[in-house]
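A.B. asks: Once you've looked at the hints, dock chain C against the given chain V.
Those sequence lines, one after another, are chains V and C.
UniProt numbering puts the first sequence at residues 1 to 184.
UniProt numbering puts the second sequence at residues 1 to 184.
No lab work stands behind these hints: they were computed from the structure.
Please note: incorrect hints may appear among the correct ones.
The calculated DSS-like cross-link candidates involving lysine-lysine, where the alpha carbons are at most 27 Å apart (straight line), are [claimed, not checked]:
1. K57(V) / K9(C)
2. K167(V) / K107(C)
3. K9(C) / K31(V)
4. K57(C) / K167(V)
5. K38(C) / K89(C)
6. K9(V) / K9(C)
7. K23(V) / K31(C)
8. K57(C) / K38(C)
Now the stretches of chain V that chain C is said to cover, found in silico as 3 or more residues with beta-carbon under 8 Å [as the list claims (entries may be wrong)]:
9. 19-33
10. 114-122
11. 133-147
On a predicted model such as this, the values are computed, not experimentally measured, just so you know.
The C-beta atom is built at its ideal place from N, Cα and C for all residues, glycine as well.
There are 2 protein chains.
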Amino acid sequence: MSDETYTMKEAMLYSQRIAQLSKALWKAVEKDWQQWIKPYDLNINEHHILWISYHLKGASISDVARFGVMHVSTAFNFSKKLEERGLLKFSKRDDDKRNTYVELTEKGTELILLMYDHYYDTHHSILEGSLALKELYGRFPEFLDVMAVIRNIYGEDFIEIFERSFKNFKESLVEEADTVSVKR
Amino acid sequence: MSDETYTMKEAMLYSQRIAQLSKALWKAVEKDWQQWIKPYDLNINEHHILWISYHLKGASISDVARFGVMHVSTAFNFSKKLEERGLLKFSKRDDDKRNTYVELTEKGTELILLMYDHYYDTHHSILEGSLALKELYGRFPEFLDVMAVIRNIYGEDFIEIFERSFKNFKESLVEEADTVSVKR
Numbered sequence: 001m002s003d004e005t006y007t008m009k010e011a012m013l014y015s016q017r018i019a020q021l022s023k024a025l026w027k028a029v030e031k032d033w034q035q036w037i038k039p040y041d042l043n044i045n046e047h048h049i050l051w052i053s054y055h056l057k058g059a060s061i062s063d064v065a066r067f068g069v070m071h072v073s074t075a076f077n078f079s080k081k082l083e084e085r086g087l088l089k090f091s092k093r094d095d096d097k098r099n100t101y102v103e104l105t106e107k108g109t110e111l112i113l114l115m116y117d118h119y120y121d122t123h124h125s126i127l128e129g130s131l132a133l134k135e136l137y138g139r140f141p142e143f144l145d146v147m148a149v150i151r152n153i154y155g156e157d158f159i160e161i162f163e164r165s166f167k168n169f170k171e172s173l174v175e176e177a178d179t180v181s182v183k184r
Numbered sequence: 001m002s003d004e005t006y007t008m009k010e011a012m013l014y015s016q017r018i019a020q021l022s023k024a025l026w027k028a029v030e031k032d033w034q035q036w037i038k039p040y041d042l043n044i045n046e047h048h049i050l051w052i053s054y055h056l057k058g059a060s061i062s063d064v065a066r067f068g069v070m071h072v073s074t075a076f077n078f079s080k081k082l083e084e085r086g087l088l089k090f091s092k093r094d095d096d097k098r099n100t101y102v103e104l105t106e107k108g109t110e111l112i113l114l115m116y117d118h119y120y121d122t123h124h125s126i127l128e129g130s131l132a133l134k135e136l137y138g139r140f141p142e143f144l145d146v147m148a149v150i151r152n153i154y155g156e157d158f159i160e161i162f163e164r165s166f167k168n169f170k171e172s173l174v175e176e177a178d179t180v181s182v183k184r
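One chain only, chain V, in its complex shape (with noise of 0.2 Å):
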């Protein structure tokens, strides 16, 4: 077998392991998110569609799509389904007329902050899974391979949005804890 042949197959094999190890990656994750949001009659896309409106401060609906890895008919209806709830609001932006963009009602935004103070009202198996880790590492494990593989893949800008809407959940975080300092 020549070296390239060999190194094709073991490429092979390593994107192999790779598909294993996301499906059962996913699989859990997606139950620990079915448990958490089924109170909440949503679905995992609908709730996503919240999540990135509520984190990014509002999102165009190809932002929406990319971000949350659906098709933007997906990410369109499912907005839509969301708008008649009363949860989000299209709107244009003066600065990006071609654009739809979505964004949290009041009842909207509520919804989500009450999710998050239910957060541990379901099991996450994932949270379990890694507390090993924490403790042996001080902290939870940052998965920096496939965070660069998924640069590669994704582009750097799915990157820069996916630190930016954690950057922006993280001071909501800090905010919501002065908020009940200075209440106390």
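C.D. replies: For chain C alone, coordinates are given in the frame of chain V:
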């Protein structure tokens, strides 16, 4: 905000990160997988059942379900369909009368091997996305933190089956190489 509350919020942030990462990774894997198997009129579950049966050299339906992360009924129903197509056969084992086992027929084995021969007919974004890491580190990434989380969620025997299937996979590639050398 108490330390405990902070830690719980940090944990929530972490688990939401993993959810996003894992969805993006799985969607890329799923697309690659679907494109690869499309010409053979199989869905991912069906191919996964053939894959597991081949690499474990026969498996019980419950092993297929567990390792393939699907419901036992899904594993059983798709196995039945594969049996009808002459790709899989059911059997009982003398040392384990309670479980139903599946193994590939000759036709099933030929199909699996044919599919490997045509692996590179389609695009594998996961592979493409990992090449830069391979160049940097001299080997493909191992996703050890993902493996650790999966081990904690699915248990040690899941990982044991995982490693056994890839050991068999690797050996079959080496055997094939030897066969080629002898033929030469």
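A.B. asks: Against the structure, test the hints numbered earlier, and report the numbers of the ones violated in rising order.
C.D. replies: Result: hints 2, 4 and 6 break, sorted rising.
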